[in-house]
Amino acid sequence: MSENKEKEEEKPVVAKTAIDLQRLKLQKLMKNPEKPIILPERPKAKSTPTVPEFVRNVMGSSAGAGSGEFHVYRHLRRKEYARQKFIQEKGHKELLDEEYHRKIEENKRIAEEITAKKRAKRLKKKQKWKQNKKMKTGNVEQHNKSANTDSDEESLDEEETGDKNDNEVQNISNNEVKDTSSIDEN
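Okay, so the sequence shown: first residue is 1 according to this note's numbering, each after it adds one.
Be a bit skeptical, because a hint or two may be false.
Straight-line C-alpha distance at most 27 Å; calculated DSSO-like pairs for lysine-lysine [as the list claims (entries may be wrong)]:
(1) K121 - K133
(2) K44 - K90
(3) K117 - K93
(4) K11 - K25
(5) K108 - K124
(6) K16 - K46
(7) K93 - K79
(8) K11 - K28
(9) K108 - K93
(10) K125 - K108
(11) K103 - K93
(12) K130 - K118
(13) K130 - K117
(14) K46 - K108
(15) K121 - K108
(16) K128 - K117
(17) K44 - K16
(18) K11 - K31
(19) K134 - K118
(20) K90 - K79
(21) K136 - K126
(22) K124 - K136
(23) K124 - K134
(24) K35 - K25
(25) K35 - K11
(26) K31 - K16
(27) K136 - K121
(28) K44 - K93
(29) K118 - K103
(30) K103 - K90
(31) K46 - K93
(32) K121 - K134
(33) K28 - K46
(34) K118 - K128
(35) K46 - K85
(36) K85 - K44
If you're looking for bench data, these hints aren't it; they were derived computationally from the structure.
Sequences and hints are given; from them, build the entire structure.
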């Protein structure tokens, strides 16, 4: 059994995907956990190149310059161009950073406005719901009160109606009596 394990470990494993590669690296690290890991430091930002010292006797590529003077001139010129390019790139990067931060602030402000608007809408809806609930409970109480007063009024109406009905019945019976008496007389 131990021989089979040794044979499996001896075979080189080929990583077919990025996941396999990561797994192999982790397995290698975990074989010896006491071994210190060296993490590389982050690259340092380039510092601004210094302004070159003023060189007075550089003739450049003009007539009368020696063969070695041109190389000095070319070196200083490249250095100055590199310095100017660095300054321009730094200015461009600062401009992009400033624009990025401005855009982030703008997005935060817009998000805050939207949140405030939605919050106000929620509170308004909640307040309206509470008012409706209060109105319903108030209506139920008023309905109960009015139902009580209505039932009292209805009972009074019924009594009045009953009295009217009684009067009508009496009138009808009196008319019938008169009619019957007139019939009897004939």
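Hint numbers the structure violates, sorted upward? Those not satisfied are hints 3, 6, 14, 17, 33.
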